[in-house]
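Student: Go ahead and model the full structure; you've got the sequences and the hints to work with.
Letter by letter, the sequence shown follows residues 1 to 287 of UniProt numbering.
Hints are supplied without guarantee of correctness; some may be wrong.
Stated by the list, open to error - Straight-line Cα separation of at most 27 Å, BS3-like style, residue types lysine-lysine; simulated pairs:
hint, residue 1, residue 2
1, LYS282, LYS271
2, LYS257, LYS272
3, LYS271, LYS143
4, LYS143, LYS272
5, LYS282, LYS257
6, LYS257, LYS271
7, LYS143, LYS282
8, LYS272, LYS282
9, LYS143, LYS257
Simulated from the structure, these hints should not be mistaken for laboratory data.
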Amino acid sequence: MSDSSMGTLYVVATPIGNLEDLSPRAARVLGEVALIAAEDTRHSGRLLRHLGLSVPMLSLHEHNEAARVAQLDARLAGGDSIALISDAGTPLISDPGFVLVRELRARGRRIVPVPGPCALVAALSAAGLPTDRFLFQGFLPAKGGGRRGRLEALAGHEETLVFYESPHRIRDTLADLGTCLGDRRLVLARELTKTFETFLDGTAAELLERLATDPDQARGEFVIMVAGAAPRDDGDTAAVDADALLGAMLAEGVGVKQVAAVAARVLGGAKKTWYARALVLKERSQP
1 MSDSSMGTLY VVATPIGNLE DLSPRAARVL GEVALIAAED TRHSGRLLRH LGLSVPMLSL
61 HEHNEAARVA QLDARLAGGD SIALISDAGT PLISDPGFVL VRELRARGRR IVPVPGPCAL
121 VAALSAAGLP TDRFLFQGFL PAKGGGRRGR LEALAGHEET LVFYESPHRI RDTLADLGTC
181 LGDRRLVLAR ELTKTFETFL DGTAAELLER LATDPDQARG EFVIMVAGAA PRDDGDTAAV
241 DADALLGAML AEGVGVKQVA AVAARVLGGA KKTWYARALV LKERSQP
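Tutor: Right under this line is the structure:
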C-alpha cells in the first residue's frame, strides 16, 4: 500500500496536435507537480509556455528510462509529486514510461492516470471499422523482412488491426499490407487533430495510388487500421482443423519449413503464410 506522505506519479495525456484537447484537470496537475518527466523537454517546453507554466522538467526517454527510476523514486519518497508526459498523447502507448511505472508500482508508489488524447483511440473512433475487438501492434518492424513476417503472422486475426507508422515508411508498409493481407479495407488516418487531418480508405493498392497522385498525403504521422480477416466458417473443416494439423506435425518433430510446404499443398494458400502460422504455433507450444 502506498504511503500518503509520499508523492504521486501522474501519467498525464497531452494533445496530439490541437492544444484545446488538453483537459482542465491535466493543465491543473501539470501546474501543481514539483517535476515533469518529459520524453523531449524542448518539445514539451512549448506546451508549458502555452499554459504559462515554468515547472522544472527532466528528460525521460527510451535510452535513459531505466536509469531514471531511482532518481524519480527518491523524489516521490521525499514527498514530491511528478507528472509523466510524452511528446504527444498518452504515455506508454508506443511511448516511454512502461519501465518507470512498472518499477514504481512494484515499490508501492501511487500512480494516477490523467486520461486524455490518444491517437489510437481517436483514429478508431472515426474510421468506421469494427471497434468491439481490435489488435494494436504499435510500429511494425522497420526492415521489410521483419515487417512482412509480422503481417503474415497476423493475417488470420479477425480483429481490426491497428498500427502506427512514420512518413518515410508509409509507402513500403502499404505495399507489404497489400502483399500479405490482400485487398482488405484499410483506413489511413493522418495528422490527427491538426490542420491537415485526413482519413483515407480503400485497399492498399488504392491508397498507394492516392499517395502517388498527392504526395502531401504521405506527410505527417499515421495510424493505419485494417479490416480483420473474414470469420471462419465453422462448417469448413479445413479451416477449423488447420491449426490442429500444423500442431500435430510440429509435435512429431517435422520442421516448420516442411510443415508449411505440406499445409500449402493440402489446404492451399502461400507457403510463407503457413510458415508464419506454424512458427507462431511452435513458439506457443514451447514452455
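Student: Which of the numbered hints above does this structure break?
Tutor: none
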